[in-house]
Amino acid sequence: MAYDWLSADIAPLGIMYVVSFIALFIGSITDLKTREVPDWLNFGLIGSGIGLNLLFSAIYSDTSFIINSLVGLAIFFGIAYVMFYAGQWGGGDSKILMGLGAAIGIDVGDIRHQFLPGFFINALFAGAIYGLLWSVFLVFRNRKKFQKEFAELLSDKNVVKWKKVLLAALVIMLASSFLIEAGYIKILVLSVSFLVLASFYMWIFVRAIEKSCMYRLVEPSRLTEGDWIVKDIYVGKQYICGPKDLGISKNQIRKLIKFHRQKKIKKILIKEGIPFVPSFFIAFVLTLTVGNPVAML
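The sequence shown runs 1 to 297 under my numbering.
The hints are simulated quantities; they were obtained by calculation from the structure and are not laboratory data. As the structure is a computational prediction, the values presented were derived from the model and not from experiment. Warning: the hint list may mix true and false statements.
[Stated by the list, open to error] Lysine to aspartate or glutamate pairs mimicking EDC-like chemistry, simulated, CA-CA at most 20 angstroms apart:
{"#": "1", "residue 1": "Lys33", "residue 2": "Asp62"}
{"#": "2", "residue 1": "Lys263", "residue 2": "Asp245"}
{"#": "3", "residue 1": "Lys258", "residue 2": "Glu272"}
{"#": "4", "residue 1": "Lys250", "residue 2": "Asp62"}
{"#": "5", "residue 1": "Lys231", "residue 2": "Asp107"}
{"#": "6", "residue 1": "Lys231", "residue 2": "Asp245"}
{"#": "7", "residue 1": "Lys231", "residue 2": "Glu210"}
{"#": "8", "residue 1": "Lys33", "residue 2": "Glu272"}
{"#": "9", "residue 1": "Lys237", "residue 2": "Glu272"}
{"#": "10", "residue 1": "Lys163", "residue 2": "Glu219"}
{"#": "11", "residue 1": "Lys266", "residue 2": "Glu225"}
{"#": "12", "residue 1": "Lys237", "residue 2": "Glu225"}
{"#": "13", "residue 1": "Lys148", "residue 2": "Glu210"}
{"#": "14", "residue 1": "Lys144", "residue 2": "Glu225"}
{"#": "15", "residue 1": "Lys231", "residue 2": "Glu219"}
{"#": "16", "residue 1": "Lys258", "residue 2": "Glu210"}
{"#": "17", "residue 1": "Lys264", "residue 2": "Glu210"}
{"#": "18", "residue 1": "Lys250", "residue 2": "Glu210"}
{"#": "19", "residue 1": "Lys145", "residue 2": "Glu225"}
{"#": "20", "residue 1": "Lys237", "residue 2": "Glu210"}
{"#": "21", "residue 1": "Lys263", "residue 2": "Glu210"}
{"#": "22", "residue 1": "Lys211", "residue 2": "Asp232"}
{"#": "23", "residue 1": "Lys271", "residue 2": "Glu36"}
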């Protein structure tokens, strides 16, 4: 069942849906083109969400608008914080999600029939499918580099060692399955064996995509806040930035530009992430048109 947003007070809710739709649409375009979502859009959505809901509370003499807005902002801030520091989302992805929380809000007294919980679940599914399709696209576009990197990873000494360990473990598991009479346990053993094998090669597949399709050398002047640095960068013994920073800061970029002008560094190796805002846009449209999976349970 589609989310019944027409049954609500159409003026406030309709305005917030339109604002959110426009923000996600613009964010998707900029994310695809430049791999970043501008701060004016992210903070504009957060500010508009809080400001408009505060206005609705005043007009309708109902504090639930602003309360739900702040609750939505707080909950989605928590989710965005975890996903950002887990290295799954960039800063732009996290901020625009917070903006959606502030704009649409969450009524904690009726979670099952709320828009945002359904949107978040749809975003997880849409993001998984979108990420897989984007990975296939990257492999197809860079197939020669990918094939070379994949072959090199398979022949790496550590990978070969783990392949031998994995092969020995799988042989033992498969052999033991013939000694087990219970059918469901046999199925469990075979399923675990397949899952372990698939996970191993999936890890190699993902690593090959990263190294062949997502790494790029750029001059410091072309860096943007939040870019992921692949290797630690030192000038002399001074640490400038690295992977542990989870995104480069403006101050670090200024330092790199200064050292580049002084000929102390050349180019910086960065990892381009998958532009995930389009998956949020898809999930938003799906939740509006198809429905909220939480309410269907």
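For the pair supplied as a hint, Lys231 and Asp107, confirm whether the alpha-carbon distance does not exceed 20 angstroms. 44 angstroms, violated
For the pair we were handed, Lys231 and Glu219, check the Cα-Cα distance against 20 angstroms. Within the cut-off at roughly 15 angstroms; holds.
Given the hint that Lys33 pairs with Asp62, test it: the Cα-Cα distance must not exceed 20 angstroms. Not satisfied, since the Cα-Cα distance of roughly 41 angstroms exceeds 20 angstroms.
Restraint status (C-alpha distance of Lys258 to Glu210 at most 20 angstroms): 29 angstroms, violated
Could you grab the alpha-carbon distance between Lys250 and Glu210 and see if it respects the 20 angstroms cut-off? 24 angstroms, violated
Tell me if the straight-line CA distance from Lys263 to Asp245 falls inside 20 angstroms. 24 angstroms, violated
Pairwise hint evaluation, Asp232 against Lys211, where the allowed Cα distance is 20 angstroms at most: Judged against 20 angstroms, a Cα distance of about 16 angstroms means the pair holds.
Between Lys33 and Glu272, is the straight-line Cα distance small enough, at 20 angstroms or below? 12 angstroms, holds
20 angstroms Cα cutoff - pair Lys266, Glu225: Given pair Lys266, Glu225 holds - Cα atoms ~19 angstroms apart, limit 20 angstroms.
Does Lys271 pair with Glu36 here, judged by a C-alpha cut-off of 20 angstroms? The given pair, whose Cα atoms are some 13 angstroms apart, holds under the 20 angstroms limit.
With the threshold set at 20 angstroms, check whether the alpha-carbon distance from Lys148 to Glu210 stays at or below it. 13 angstroms, holds
Hey, Lys237 versus Glu210, does the alpha-carbon distance stay inside 20 angstroms? Violated: Lys237 and Glu210 sit about 29 angstroms apart, past 20 angstroms.
The structure fails hints 1, 2, 3, 4, 5, 9, 10, 12, 14, 16, 17, 18, 19, 20 and 21 (numbered hints given earlier, in ascending order).
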